[in-house]
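Chemist: Chains as they are written, first to last, in numbering that gives the first Met the number 0: chain A, 0 to 442; chain B, 0 to 271.
Derived by calculation from the structure, the hints in this document are not laboratory data.
Careful, some of the hints might be misleading.
[What the hints assert, rightly or not] 25 angstroms max Cα-Cα, derived DSS-like pairs, lysine-lysine:
(1) LYS260(B) - LYS27(A)
(2) LYS114(B) - LYS20(B)
(3) LYS369(A) - LYS303(A)
(4) LYS247(A) - LYS1(B)
[Said to hold, decoys possible] Partner residues are not named here, just some residues of chain A that face chain B (Cβ under 8 angstroms, in silico):
(5) LEU19
(6) THR85
(7) HIS110
(8) ILE365
[Unchecked claim] Anything over 12 angstroms on all C-beta distances counts as not near chain A; from chain B, calculated:
(9) ASN6
(10) LYS20
(11) GLY65
(12) GLY86
(13) SER107
(14) PRO161
(15) ASP199
(16) ILE204
(17) PRO220
(18) ASN265
Since this is a predicted model, take the numbers as computed values, not measurements.
Just so you know, even glycine gets a beta-carbon here, dropped at the ideal spot from N, CA and C.
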Amino acid sequence: MSDKKKELKPNTYKFDTLSLHAGYQPHKNAGSRQVPIYQTTSYLFDDVDHAAALFNLERGGHIYSRISNPTVGVLEERVASLEGGTAALATSSGMSAIFLTVMTLCEAGDHLVVSSQLYGGTVNLFRLTLPKFGIKCTFVKPRDTEGFKKAIQKNTKGIFGELVGNPGNEIMNMPEIAKIAHDAGIPLMVDATYQTPYLCKPFEHGADIVIHSLTKWMAGHGSSMAGILVEGGKFDWMQNDKFPTMTKPYEGYHGLSFAEEFGPTAFTMKARAEGMRDFGPCLSPQNAWNVLQGIETLSVRMKKHCSNAEEMVKYLSNHESVAWVSHPSVPDHPDHELAKKLLPNGRGSMIAFGIKGGKDAGVAFINNVKLASHLANVGDTRTLVIHPASGTHSQMDEATLKFAGLSHDMIRLSVGIEDIDDIKNDFEIGFRAARKPRLVSNQ
Amino acid sequence: MKFKVNNNEVFASTGGRPFDKKKPLIIFVHGSGLTHMTWVLQTRYFAFHGYNALAVDLPGHGLSSGESLKSIEEMADWVNDVIDAVGHKEASLVGHSQGCLVTIECTSRYPEKIKSLSLMGGAGAIPMNPELLSLAENNDPKAVDLMMDWAHGPAGHFGGHPVPGLYHINTGTMLAKSRTIQNTLGVDFRACDNYKNGFDAAKKIKCPTLSILATDDKMCPVKEGKKLASLIDGSQIDIIDNCGHMMLLEEADRVLTVLKKFITTNYPPLSS
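Take these sequences, add in the hints, and give me the full structure.
Modeler: So this is what it looks like as structure tokens:
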């Protein structure tokens with residue numbers, strides 16, 4: 000028998016266990032094994048003193064489901080635990096999570112540095128809508144790390160980007176850009192929808208706020224809209240005078256200083272107390288529950304998404320109808336090495352490829368596949384395809400399309416978890432149809 | 000608010016209300032390596048109900064400057080200095096874990112000043128696991144991870160924070176890692192390990208005392224808390240089921256309810 004002393008190891012729950020259990024204690028909910036759906040607008044106060052205490056943030060609890068809801072609260076804690084964050088706030092969609100993040104951070108007159116490779120809706124928020132609130136943005140290409148530094152101004156309050164750009168799969172050098180942000184005393188906000196915490200935990204690479212459209216892989220089944228912002232808890236809001244709404248007494252809560260009082264959860268507390276109160280983009284308890292069902296199988300699904308995606312990359316790379324393939328697993332992808340570091344568990348299931356024959360071939364392909372669904376979503380269990388130039392990014396003019404790294408031959412593929420042979424067979428149908436118009440036009 | 004003690008700047012949360020010398024003073028003393036923020040679900044209530052609720056950051060912790068104090072006795076004297084520094088003649092003390100050792104020692108040294116004492120997860124001695132102590136003194140983040148594991152009960156490991164959206168264990172981890180681990184947790188653990196006067200100090204305490212204990216507390220088990228309470232005349236005990244050492248977060252509402260009844264009875268607020 001060995002007398003070697005046993006090494007002490009923390010026994011906190013691991014990822015797969017947290018996916019199923021975090022944020023919920025059955026014994027506090029009538030023993031219900033499933034998370035109950037609290038389909039209610041509001042919550043009884045014990046007495047007047049209790050009501051005042053809740054409104055005053057003197058004690059935890061729920062008042063009104065626009066601000067918080069017990070079912071939604073389980074989802075928030077679960078995602079915070081999976082990301083390694085201190086706190087989270089769920090919203091009605093990914094876009095509302097981005098908007099709430101920006102409005103919690105910024106005031107009129109502020110500036111943000113933003114990656115140019117974003118979902119089309121996000122581009123329009125930063126380019127067209129936020130300026131109406133007096134918040135201006137400078138766009139920088141995600142691989143231009145120095146460009147982020149140069150774009151920072153005196154009134155810059157943060158850097159925002161998608162970890163893997165939509166739809167071109169460009170990867171932000173998160174550790175380096177985080178350092179640039181932190182040297183300037185501002186936070187890095189990362190939309191990590193494509194990765195989920197199973198593939199990457201951005202807080203481990205320097206991000207301060209992580210945002211997800213939960214509608215995508217986290218929920219995973221294409222059934223429910225939801226978004227979330229998660230706080231890392233490391234950013235020091237009091238290090239400079241850039242964030243007075245975080246550090247100075249806030250009139251809306253009897254002179255409360257969020258940073259002093261709540262420290263590593265200050266941003267989330269402010270986003271909830273102010274943002275949910277004033278803007279109200281709350282998540283319905285039913286949708287929160289649907290997302291929780293998806294998260295229970297997150298790691299199982301992500302493994303299959305990634306293995307199918309790698310198979311599709313091989314298939315497309317060798318296909319006569321395909322001009323190019325962009326996926327971080329491809330060795331000649333410009334960010335291949337960075338992807339190995341940031342995405343060790345898999346490179347994700349989003350593939351962009353160029354179809355020979357340009358726009359007409361792309362349209363024919365999309366119109367003829369039968370199994371793959373043509374729609375404006377990603378991260379479903381089912382395989383999805385879209386032609387960005389005529390779909391998600393169709394509101395952009397030619398110059399903006401070019402700046403966003405889009406071409407007319409590009410098809411965006413979100414690989415599902417169907418049998419891989421069935422996906423390939425379906426694509427053969429699409430490619431055959433895509434070749435036909437060219438044959439016709441060549442005659 | 001900020002003020003000076005021994006020429007070092009001290010930060011103390013006032014629970015969101017301005018400090019008012021007319022109101023009775025409650026001082027909340029945090030546990031090893033932590034900060035004032037552990038008390039957020041207790042202090043704000045008292046601050047809005049007739050008290051000055053001061054959740055201090057011990058020297059070298061949180062937002063307070065200076066170096067961490069190396070012994071429980073020094074920390075006890077420092078708490079007394081805080082009472083003087085804010086211009087009060089007396090106070091009620093509330094401690095958690097290491098904060099219990101500090102407040103027991105302070106109450107025994109300055110019995111005329113301390114009007115009530117509330118202990119959460121307290122014991123007369125907190126000997127440290129040698130490996131954990133060594134990890135903390137060597138600045139190893141594993142010390143924080145182990146502390147967070149042991150400090151939360153089985154239920155607390157699942158989360159279920161009373162404030163929607165907050166996740167206990169990660170929040171505690173961030174607090175404990177907010178300053179250099181060896182300078183906060185390392186020094187604090189050594190101070191706890193060295194402190195041997197807890198039981199003798201307890202015997203000298205004559206003010207009303209409350210011990211809040213938790214059935215799943217692995218760091219200061221119920222039997223240790225009861226042993227300590229048995230040495231204090233008239234000490235009250237409240238035991239929380241399904242809860243670990245971080246009861247002030249894991250069962251914040253229950254703790255506040257018990258604390259509120261005890262303090263308002265034994266050290267009444269300034270009536271409005």
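Chemist: Next, verify each hint and record whether it holds.
Modeler: Quick rundown of the hints versus the structure:
1. LYS260(B) - LYS27(A): holds, 24 angstroms
2. LYS114(B) - LYS20(B): holds, 17 angstroms
3. LYS369(A) - LYS303(A): Given that 25 angstroms is the threshold and the Cα spacing comes to 21 angstroms, the pair holds.
4. LYS247(A) - LYS1(B): Measuring from Cα to Cα gives roughly 14 angstroms; hence the hint holds.
5. LEU19: violated, 10 angstroms
6. THR85: holds, 4 angstroms
7. HIS110: Where the cut-off is 8 angstroms and the nearest Cβ of chain B is about 28 angstroms from HIS110(A), the hint is violated.
8. ILE365: For ILE365(A), the interface hint is violated, since the closest Cβ of chain B sits about 40 angstroms away, which is over 8 angstroms.
9. ASN6: For ASN6(B), whose nearest Cβ neighbour in chain A is about 22 angstroms away, the distance exceeds 12 angstroms, so it holds.
10. LYS20: The claim holds: LYS20(B) sits with its nearest Cβ about 18 angstroms from chain A, beyond 12 angstroms.
11. GLY65: The claim holds: GLY65(B) sits with its nearest Cβ about 18 angstroms from chain A, beyond 12 angstroms.
12. GLY86: Correct as stated: the minimum Cβ-Cβ distance to chain A is 21 angstroms, above 12 angstroms.
13. SER107: Nearest chain A Cβ is 32 angstroms from SER107(B), so the label holds.
14. PRO161: violated, 3 angstroms
15. ASP199: Holds, because the least Cβ-Cβ distance between ASP199(B) and chain A comes to about 31 angstroms, which exceeds 12 angstroms.
16. ILE204: holds, 29 angstroms
17. PRO220: Label holds. Min Cβ-Cβ 18 angstroms, cutoff 12 angstroms.
18. ASN265: holds, 19 angstroms
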